[in-house]
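Line order of the protein sequences matches chains S and A.
Going by my numbering, the first sequence wraps up at 397, each residue one higher than the last.
Going by my numbering, the second sequence wraps up at 397, each residue one higher than the last.
Think of the hints as simulated: they come from the structure by calculation, not from any bench.
Watch out, some of these pointers could steer you wrong.
One copy or two, either will do: identical chains are not told apart, so a pair holds if it fits within one copy or between any two.
Claimed, not checked - Computed cross-link-like contacts, DMTMM-like style, restricted to lysine to aspartate or glutamate with a CA-CA straight-line distance of at most 25 Å:
1. 259 to 220
2. 240 to 363
3. 240 to 323
4. 258 to 285
2 protein chains.
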Amino acid sequence: MSETRRPHSGSPSLLRLINSVAVLSALRESSPATLSDLATRTGLSRPTVESAVEDLVEQGWAAELAAEADQRGGRRVGRPARRYVFRADSGYVLGLDIGAHRVLGVLADLNGEPVHTHQTRVDPRLDADARIAVVRGVANRCLAEGGIDRRRLMAAGVGSPGIIDRAGTVTVSTVLPGWVGLPLARRLSRSFGCPVLVDNDANLAALAERWHGVATQADSLVYLLVGRRIGAALVLDGKVHRGFGGAAGEIGLLDPKKWELCRERLLGPATTASIDDRDHQVTEQIIASARAGDSAALSIVDDFCAVLAQHAAAMTLTVDPEMVVLGGGLASADDLLLPRLQQHIDRVCIRSPRILASSVGEEAVVLGAVRLALQAADEALHQRARSSITARGSGG
Amino acid sequence: MSETRRPHSGSPSLLRLINSVAVLSALRESSPATLSDLATRTGLSRPTVESAVEDLVEQGWAAELAAEADQRGGRRVGRPARRYVFRADSGYVLGLDIGAHRVLGVLADLNGEPVHTHQTRVDPRLDADARIAVVRGVANRCLAEGGIDRRRLMAAGVGSPGIIDRAGTVTVSTVLPGWVGLPLARRLSRSFGCPVLVDNDANLAALAERWHGVATQADSLVYLLVGRRIGAALVLDGKVHRGFGGAAGEIGLLDPKKWELCRERLLGPATTASIDDRDHQVTEQIIASARAGDSAALSIVDDFCAVLAQHAAAMTLTVDPEMVVLGGGLASADDLLLPRLQQHIDRVCIRSPRILASSVGEEAVVLGAVRLALQAADEALHQRARSSITARGSGG
């Protein structure tokens with residue numbers, strides 16, 4: 002049993018505000034909830050919770066579940082307890098993954114549930130302005146086809162290759178033409194009319210893994226994003242570690258020549274002039290041949306794993322993570338890759354982390370972008386709840 | 002101007018307790034302080050602060066400064082404001098650095114000011130029990146010669162080579178004989194009769210650098226402890242990053258053969274059977290010759306820096322720190338080492354951190370051990386303040 006916390010004293014509007022925000026947070030964490038549930042979770046008295054919930058319903062942040070939804074068999078004694086849900090449709094967020102070959106967008110509600118997804122394939126040679134136009138187009142399609150008014154967008158999260166500074170400007174990029182120096186967050190924020198947060202693609206994939214993947218329980222991990230291009234990221238103390246200048250995880254530079262050579266043999270060039278899937282097919286073929294025991298294919302896979310493991314080992318020796326997660330397109334070849342990586346890392350490291358394949362799939366980056374946007378939406382939500390309830394409190 | 006916070010309501014003893022601990026914290030952070038200073042800093046009313054200070058003086062945690070200490074020239078108008086100090090002598094902590102060749106102890110007051118220092122040189126071949134006996138002897142000498150009763154020791158911090166788990170047990174050690182599996186914190190805690198915290202030596206040197214060295218303003222750094230043996234440590238988000246199993250910073254394993262070869266040429270073997278300073282003299286000679294332009298000596302220094310930089314670069318690429326700090330005995334050769342390290346790291350890393358020599362000196366590990374002990378003492382101090390004031394409150 003938890004003690005009943007006394008409501009904060011102070012001006013009535015401030016009191017209502019603090020209590021309402023506490024109830025809103027409790028409701029977001031777990032819905033549906035009865036007034037008793039919310040009283041237990043917030044430590045507030047039942048009458049206080051009741052009046053806070055009334056405020057939230059009136060402002061559109063919460064809704065009462067219809068009574069029939071509460072009839073789950075069994076004998077009914079008296080009136081059933083009213084149950085409330087957080088209204089996940091009180092706002093929306095957008096996640097975007099800007100790659101060399103495609104731009105992927107996911108519109109999601111405030112619970113992170115996807116409402117609409119749209120993908121546009123692009124020419125890797127596209128310049129920055131043209132690529133940003135595609136990004137805007139993908140966002141518009143998501144909103145239009147999801148039937149959501151742009152004004153209900155509370156935040157957007159964006160994943161991009163390269164190093165992104167705290168302000169959301171690209172400081173280094175070798176993959177996308179004209180991308181260096183681009184104030185990506187500022188330009189997209191102007192287009193979307195809401196806060197836009199930008200981060201490196203591998204960082205967002207790691208965030209997604211911690212949100213919905215194999216790392217939900219892990220406080221620290223090294224994440225390897227291995228697809229046509231390769232990136233790495235770190236989660237430390239439960240948070241993505243970006244580094245002083247956003248350059249954490251750029252381990253590929255440790256031995257770039259060896260790295261490129263092995264990468265290209267298995268994955269083809271990092272960017273190609275064509276937008277077809279020829280490289281991808283070559284990779285699939287090598288993986289299939291290796292699985293069938295073909296010695297040339299196995300040698301490519303062996304060499305690739307040795308170099309990838311060398312870089313993963315450098316990161317592992319540095320931060321001693323709980324686990325290493327292999328994500329990106331090559332995660333589907335985990336049967337070939339994981340044992341080889343584990344063997345190399347066990348040989349080098351004094352304390353070996355577990356090595357696991359991502360369970361998030363190829364949409365990891367865009368999923369992480371949705372998660373990033375939700376964090377910004379949470380801020381905005383509390384901000385809006387504060388201002389609307391304060392305005393109401395001072396008027397009444 | 003800060004708003005006056007209302008004192009917490011609740012039972013009188015709980016109220017006094019919360020307020021006294023708040024005032025004690027404010028006084029620890031900055032002494033001497035007047036009642037007005039403390040009221041401003043805690044947000045408590047002046048009468049509340051006054052009664053909290055009375056409690057603290059009575060319990061021995063605070064003292065009033067003698068009036069004459071307040072007369073610093075100028076015209077005196079009325080009675081001078083009474084000023085209070087945290088009584089740094091209300092308890093003591095011990096820092097210990099257990100190395101292959103020496104055990105160093107520092108007894109310090111609760112402000113971290115050294116009271117007595119004692120060092121005993123030891124044979125590197127000493128087994129664990131004999132080495133622990135030396136540690137006990139050093140601790141006893143510090144207490145005896147500092148004139149401090151053992152019962153006033155509130156905590157001890159201990160630095161040791163090797164990997165130390167969360168419980169203070171050595172899991173890996175290649176330097177000290179019989180050290181693996183040793184429950185070091187438990188055994189020393191039994192001897193000292195106070196909480197004992199143990200950490201890896203490089204971790205503690207990094208902690209010292211952040212406390213009193215070149216990194217007081219840095220939230221993230223890679224620390225290289227380069228003496229007869231080499232260790233590395235990380236500070237991230239302002240705290241030492243130990244890793245999941247305490248093995249963060251074990252980067253020397255990345256390329257151990259090359260590492261050992263270069264290390265030995267400059268520094269001699271990691272452990273020697275003798276306890277004299279022959280190796281140290283050889284190192285000094287090489288450094289002196291290199292400074293004089295001797296090409297053989299310069300080549301040893303060049304090779305050493307290239308390998309050290311390769312390992313520092315792997316850590317830098319992984320976490321993107323604000324700075325890299327070179328500590329340990331070789332920090333005194335910063336004129337030779339820093340430019341070479343910077344050149345290598347600039348070439349490899351996409352965003353180069355500043356590279357600085359430690360300003361803490363060769364006592365970095367023991368200083369970090371003192372800092373670690375102070376953290377434990379803070380906990381104990383608040384604990385004791387709580388129990389003594391609660392006991393008093395419930396009795397009165």
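To see whether the hints hold, each was checked on the structure:
{"no.": "1", "hint": "259 to 220", "verdict": "neither (31 Å within a copy, 33 Å between copies)"}
{"no.": "2", "hint": "240 to 363", "verdict": "within (21 Å within a copy, 34 Å between copies)"}
{"no.": "3", "hint": "240 to 323", "verdict": "both (13 Å within a copy, 18 Å between copies)"}
{"no.": "4", "hint": "258 to 285", "verdict": "within (24 Å within a copy, 37 Å between copies)"}
Violated hint: 1 only; the structure is consistent with all others.
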